[in-house]
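Undergrad: Now for the letters of each chain:
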Amino acid sequence: NAGVTQTPKFQVLKTGQSMTLQCAQDMNHNSMYWYRQDPGMGLRLIYYSASEGTTDKGEVPNGYNVSRLNKREFSLRLESAAPSQTSVYFCASSASGQRTYEQYFGPGTRLTVT
Amino acid sequence: GDSVTQMEGPVTLSEEAFLTINCTYTATGYPSLFWYVQYPGEGLQLLLKATKADDKGSNKGFEATYRKETTSFHLEKGSVQVSDSAVYFCALSARNNAGNMLTFGGGTRLMVKP
Numbered sequence: 520n521a522g523v524t525q526t527p528k529f530q531v532l533k534t535g536q537s538m539t540l541q542c543a544q545d546m547n548h549n550s551m552y553w554y555r556q557d558p559g560m561g562l563r564l565i566y567y568s569a570s571e572g573t574t575d576k577g578e579v580p581n582g583y584n585v586s587r588l589n590k591r592e593f594s595l596r597l598e599s600a601a602p603s604q605t606s607v608y609f610c611a612s613s614a615s616g617q618r619t620y621e622q623y624f625g626p627g628t629r630l631t632v633t
Numbered sequence: 272g273d274s275v276t277q278m279e280g281p282v283t284l285s286e287e288a289f290l291t292i293n294c295t296y297t298a299t300g301y302p303s304l305f306w307y308v309q310y311p312g313e314g315l316q317l318l319l320k321a322t323k324a325d326d327k328g329s330n331k332g333f334e335a336t337y338r339k340e341t342t343s344f345h346l347e348k349g350s351v352q353v354s355d356s357a358v359y360f361c362a363l364s365a366r367n368n369a370g371n372m373l374t375f376g377g378g379t380r381l382m383v384k385p
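Which chain is which? The protein sequence lines are A and B, in order.
According to the working numbering, the first sequence is numbered sequentially starting from 520.
According to the working numbering, the second sequence is numbered sequentially starting from 272.
If you're looking for bench data, these hints aren't it; they were derived computationally from the structure.
By construction, the Cβ of each residue, glycine as well, lies at the ideal position given by its N, Cα and C atoms.
Heads up, some of the hints might be wrong.
Facing chain B, a subset of chain A residues (Cβ under 8 Å, in silico) [said to hold, decoys possible]:
1. M560
2. Y567
3. F609
4. Q622
5. F624
Please model the complete structure; the sequences and the hints are all you need to start from.
TA: Have a look at this one:
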């Protein structure tokens, strides 16, 4: 059982370049999330999708777009990368409707923008 | 808004020492509380959780008790091992949270020396 998978694992971009981070889950979860992790700041929510067909902004959405392609897949796009977007990005998923349901995390994508 | 505050690390202990990582929260209503652990190079994994006041979550020798009166959820372990070296995150999920979103603390790095 793969759980939550992310690609790529590492990426280096130049300022202004674009890229899409891919995420897929095989647990039939309704909800999916994108976080960024920066030193000393924990994880901050970028966007989430409570169910297939819906997406909403989180705490730090500026500079990002998302697509919930289907129930399994949730992608994060950087249209014009900036050095401030250098971070580790995590995708997560959970069963929806119950606040006690845990979130399952992918292994992360380490992104460097030069 | 909701927030989680953790003690700053790193916390350095010798093997078999007692561990406490403090966590306090601010939230409206009655949130669910979680501890996640992140091993080097990996995503976050749920360590334990508590869903109501006075509940005790436990797993792998770790424990935390939901204290509503002090708005705390401190993580404890009686005897740490080198394999416990990781970053620990306290998080909450608040009531009326249709997206099951989590608010994370900044993380505490634990280093256990043989």
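Undergrad: Give a verdict on every hint.
TA: Checked hints:
Contact between M560(A) and chain B, as hinted, is supported at the beta carbon level, the nearest pair being about 6 Å apart and thus within 8 Å. Residue-level restraint check for Y567(A) holds (minimum Cβ-Cβ distance to chain B is 5 Å; threshold 8 Å). Using the Cβ-Cβ criterion of 8 Å, the hint placing F609(A) at the interface with chain B is satisfied: the shortest such distance is roughly 6 Å. Using the Cβ-Cβ criterion of 8 Å, the hint placing Q622(A) at the interface with chain B is satisfied: the shortest such distance is roughly 6 Å.
A hinted interface residue such as F624(A) counts as satisfied when its beta carbon comes closer than 8 Å to some beta carbon of chain B; here the least separation is about 4 Å, so the hint holds.
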